[in-house]
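Here are the chains, one letter per residue:
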Amino acid sequence: MGDNKLLALDNIDLSINEGDFVSIMGSSGSGKSTLMNIIGCLDVPSSGEYHFRDNNVSTLNSNKLAELRNKDIGFVFQNFNLLPRLNAQENVVLPLLYSGKNLKERNQLAIDALESVGLKDRVHHRPNQLSGGQQQRVSIARAIAGSPKLILADEPTGALDSKTGLEIMKILNDLNAKGITIVLVTHEDDIANYGSRIIKMKDGKILEDRKNVNN
Amino acid sequence: MSITDLIYLSQKSLRSNILRSILTSLGIIIGVSSVITMISIGSGARIEVEQQIERFGSNNLIVRSQSSSNRGVSMGANSVNTLTLKDMEALKEELPAIKAIAPRVSLSTQIVANGNNWLATVTGTTNDYFDLGNWKFENGRSFEEEELASGSRVAIIGKTVQKNLFDTDSPIDEVIRINKVPFTVIGLLDAKGGTAWADLDDTVIVPLKTAKQRLVAKKFPGDQIRSMTINVRSSDLLFKTEKDVDTVMRKLHKISANGNPDFVIRNYAQFLNARQESSRVMSILLATVAGISLIVGGIGIMNIMLVTVTERTKEIGVCMSVGAKKRDILLQFLIESLMISLIGGLIGIALGLGVIFGVSEYFKWKMSLDYMSIVLSFVFSSSIGIIFGFYPARKAANLNPIDALRYE
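Chains as they are written, first to last, in this note's numbering: chain G, 942 to 1156; chain R, 4 to 411.
Keep in mind the hints are simulated off the structure, nothing from the lab.
Computed from a predicted structure; not experimentally measured.
Check the hints yourself; a few may be wrong.
Partner residues are not named here, just some residues of chain G that face chain R (Cβ under 8 Å, in silico) [as the list claims (entries may be wrong)]:
#, residue
1, Y991
2, L1001
3, A1007
4, E1008
5, R1010
6, Q1030
7, G1041
8, K1045
Quick list of simulated restraints, FRET-style, between CB atoms [as the list claims (entries may be wrong)]:
#, chain 1, residue 1, chain 2, residue 2, range
9, R, G294, G, D1102, 20 to 28 Å
10, G, P1025, R, E364, 44 to 52 Å
11, G, T1000, R, Y11, 29 to 37 Å
12, G, Q1070, R, E364, 49 to 57 Å
13, G, K1146, R, I21, 48 to 56 Å
14, R, V310, G, K1005, 52 to 60 Å
15, R, I390, G, Q1070, 36 to 44 Å
All C-beta atoms in this analysis are idealised placements derived from N, C-alpha and C, irrespective of residue type, glycine included.
All chains, please: the whole structure from these sequences, using the hints.
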């Protein structure tokens, strides 16, 4: 405040390649959420540039950002963030509504996505009729329905027991194997360990950026 | 995002809060039903006035004799018929604004024909009576000059008399007995229908001279008549002529300007004006109710939509994160408030129709359902929804996706 400007991110120089599985670690206040928002095109940096594929995101307006998020980025949240009134299929269809796909196509894409996360028989269930793990799988289905290039997972296992968490990580791993870039934010070492690259952050700076040989 | 998708999403969220949605639209319900009732009362009155003109003719004054009291002493029943044919001629002569005058004598009596018996009002008059009273002939003809001059026993009857004496058979050339005097039916009048106080079709019309000689010689001796219908050349002259007739009649009957007249002038326009005026007052009242409740209803919608936007902040963030543009969010909330107001509009229309039915059944007050009023109600309620829904919708659309996602 005042003269003491707080920098959420400071002097970040980072590039992520297509097909990477990057885990970002850090305590709260480390700037990992802000970095994630910028990578996910939810926010633009106050100074500096961010390029996503062929776009200089720093210069885009809110409509263009929305379009990018819609077409190329899928989000998986800690608390699933499903719309409670909509059933699984309708939740998955949501991003396809905004991209203007026709009814038949988007329903098919939604069912395919749900099938690929093993929820073919839960298509018409509403979030409150599903377990936490199932809800997270619906949200993964929502993230992949529009065939994005990048999936951003913000503590995807944070609200799940460890067994279910592992199932979710396996799904993300499989998606990465199919060529989708994954950026994962977590504070758990064994979850971060799924990444092929681990970035540790502190006070808005990158503390450590290393290849993960265990993977 | 297509409009049907928007509507689908909107109804999902409205249905999850169905009671709230209906309560929110209460103001619109009252407003719209008032609008519909108001318009119906207005057009009902207009139609009634048109029908009255259709029935009684326009621009007519009716002058009737009335028992007068002279210096505090009632002149008694015999003095009732103070109008004469001389008065009629004098009026015609003195007042150029008068186009025609139809004199009238009348009695209520038994009509016998075809073995049937019927009590009807018999009128003795001239051919002007048909034009002035807007009577049309279903069958047959009016009187010939010769019949009027010689006092022929010919009669023209109304639909009610026909029905009771001849059922559906043609009465033309049949003989009816009025007070035992045989008359030949030469015409049948078109039906006019009833008013609240009289069946206009329950009538038999004979030449004035015939009536005076054979039916009412005692009741209307000499050139006395019961009443006359004065037709004025134009409606602008109606009220002035009413005053002039009063002046001339007072002069003829030697009654001072502030004395009690022995006649009364009825002006239908006066009655119609009063009718229109009372429905106008009613309409203004309803318009006020409608206006206030539409505004209050609109504010109610705005209020609930603001609550909804706050409640669903996180959801808005989710939609934005999966690619909703500002415009998508704006439209979704606009459509939601539009739907609330349209639901209110629909219920209001139903309620308004109920009120219209109830009032016209109960009070026998003529109300006419105007389809324009339904269209108008839709326009009203949807514009309320859009106008008052815009601010909350814009607020939703301008949310920052990160803040919205973080909102708990």
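- [ ] Classify the hint on A1007 of chain G as holds or violated, based on whether any CB of chain R lies nearer than 8 Å to its CB.
- [x] A1007 of chain G check passes; min Cβ-Cβ to chain R is 4 Å, inside 8 Å.
Task: Hint check for D1102 of chain G and G294 of chain R - Cβ pair distance inside 20 to 28 Å - done: This hint is violated: roughly 60 Å between Cβ atoms.
TODO: Starting from the hint 48 to 56 Å, judge whether the C-beta atoms of K1146 of chain G and I21 of chain R obey it.
DONE: Roughly 52 Å apart at Cβ, these two residues keep to the hinted range, so it holds.
Open item on the list: Verify the CB-CB distance for I390 of chain R and Q1070 of chain G against the hinted window 36 to 44 Å.
Closed with: holds (39 Å)
Open item on the list: Given the hint of 49 to 57 Å, is the C-beta distance from Q1070 of chain G to E364 of chain R inside that range or not?
Closed with: Holds: the Cβ-Cβ distance is about 51 Å, inside 49 to 57 Å.
Task: Residue hint E1008 of chain G, partner chain R, criterion CB-CB below 8 Å - done: holds (7 Å)
Open item on the list: For the restraint on G1041 of chain G, tell me whether the closest CB of chain R is nearer than 8 Å.
Closed with: Constraint on G1041 of chain G satisfied, holds at 7 Å.
TODO: With a cut-off of 8 Å on the beta carbons, see whether Q1030 of chain G makes it to chain R.
DONE: Given a least distance of 13 Å, the restraint on Q1030 of chain G is violated.
TODO: Return holds or violated for the Cβ distance of P1025 of chain G and E364 of chain R against the range 44 to 52 Å.
DONE: holds (47 Å)
TODO: Please test the hint of 29 to 37 Å on the beta carbon pair from T1000 of chain G and Y11 of chain R.
DONE: Holds, at about 35 Å.
Task: Hinted contact R1010 of chain G with chain R - closest CB pair below 8 Å - done: holds (5 Å)
Task: Cβ distance range 52 to 60 Å for V310 of chain R and K1005 of chain G, holds or violated - done: Violated: the Cβ-Cβ distance is about 32 Å, outside 52 to 60 Å.
Taken one by one, the earlier hints fail for this structure at numbers 1, 2, 6, 8, 9 and 14, listed in ascending order.
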